[in-house]
Structure formats: C-alpha cells, structure tokens
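Asks: Sequence:
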Amino acid sequence: MPSPLTRIDHIGIACRDLDETVAFYQETYGFEVYHSEVNDEQGVREAMLKINDTGDGGASYLQLLEPIREDSAIAKWMAKNGEGVHHIAFGTADVVTVTNDIVGKGIRSLYEQPRRGSMGSTINFLHPKDAHGVLVELVQAAEGDGHGEH
Numbered sequence: 001m002p003s004p005l006t007r008i009d010h011i012g013i014a015c016r017d018l019d020e021t022v023a024f025y026q027e028t029y030g031f032e033v034y035h036s037e038v039n040d041e042q043g044v045r046e047a048m049l050k051i052n053d054t055g056d057g058g059a060s061y062l063q064l065l066e067p068i069r070e071d072s073a074i075a076k077w078m079a080k081n082g083e084g085v086h087h088i089a090f091g092t093a094d095v096v097t098v099t100n101d102i103v104g105k106g107i108r109s110l111y112e113q114p115r116r117g118s119m120g121s122t123i124n125f126l127h128p129k130d131a132h133g134v135l136v137e138l139v140q141a142a143e144g145d146g147h148g149e150h
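Going letter by letter, the sequence shown gives residues 1 to 150 in UniProt numbering.
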C-alpha cells in the first residue's frame with residue numbers, strides 16, 4: 001500500500017535573524033522567498049523558500065523560522081540547540097486521517113486537533129521522542145495551494 005505522505009513539504013530551520021539567513025540562502029544557493037508571514041500563534045516570523053515542484057502538484061521548501069517572543073517553541077528550542085534544522089515536514093492530502101493512523105501506531109501527536117500553518121495549511125506534529133529524535137510535521141495544503149506548512 002502506498003504511503004499517504006506524498007512529499008517532503010519542507011525542512012524547518014531555526015534562525016536568529018531571518019533577514020540575514022534569507023540573504024545567505026539567496027546569495028549562496030540562489031533560492032528566492034516564495035512566501036513570508038508572521039505566525040503569532042506559533043511565535044515566529046518565517047520565510048518559505050521554494051526549492052522545487054513535486055509530482056503530486058505540491059512543492060518542497062525550506063522554512064526559515066525566527067522567534068518573535070521568548071516563550072515560543074522555536075525560542076525555547078534555540079536556547080538549547082542554537083540555530084539549525086528544527087523539523088521535517090511531510091505533505092499529505094488528509095492531515096487528520098494520517099495523524100490518527102500514526103497515533104494508532106503508538107506515536108504521540110503534539111496537538112489533539114490540527115492547527116493552522118503557513119499559507120492557510122492544516123498541520124500537526126509528531127512527538128520527537130516517539131520518532132527517533134526527529135520532530136515531524138504533517139502538512140495538508142490549503143485548497144488550491146500545492147503547498148502546505150507551519
């Protein structure tokens with residue numbers, strides 16, 4: 001049976017200075033900002049850098065995340081780990097069903113109900129202690145948007 005996860009949607013990278021980090025990725029790799037926003041609920045300012053389109057009509061991105069307040073999950077994570085890869089996100093057509101299926105296998109989700117992510121997507125996270133130390137995000141793109149994210 002094929003996996004209900006259809007792509008690597010994005011890799012989340014925590015950074016101290018979003019503008020400086022965006023400039024690095026632009027100058028070094030030629031990546032451009034596809035979307036940027038402030039997510040007050042998550043306590044981050046973010047930029048999505050599009051890497052490529054995918055076979056399922058979606059795309060793969062790098063998500064650069066700068067904390068906007070000290071009590072945000074990203075700020076707390078950075079206090080322990082510094083800048084770097086924070087999470088990997090997999091795209092799916094149905095985040096609720098996929099989350100429930102994975103939770104049924106004994107993996108904890110961080111949210112009881114999915115939340116809003118970047119660009120109107122629907123998201124949930126899987127607990128890193130249950131996923132070999134990796135924080136995994138599940139992303140369902142907003143209708144009509146081949147992307148997704150947090």
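If you're looking for bench data, these hints aren't it; they were derived computationally from the structure. Quantities reported herein were computed from a predicted structural model and do not represent experimental measurements. Check the hints yourself; a few may be wrong.
Stated by the list, open to error - Simulated pairs of lysine-lysine, DSSO-like, Cα-Cα distance not exceeding 27 Å:
hint	residue 1	residue 2
1	Lys-105	Lys-129
2	Lys-105	Lys-50
3	Lys-80	Lys-129
Asks: Next step is simple, just say for each hint if it's right about the structure.
Replies: Now the hints, each set against the structure:
1. Among the hinted pairs, Lys-105 with Lys-129 is consistent with the structure: their alpha-carbon atoms are about 14 Å apart, no more than 27 Å.
2. In summary, the hint linking Lys-105 to Lys-50 is not supported, as the alpha carbons are separated by about 32 Å, beyond the 27 Å threshold.
3. Our distance criterion of 27 Å between C-alpha atoms is met by Lys-80 and Lys-129, whose separation comes to about 16 Å.
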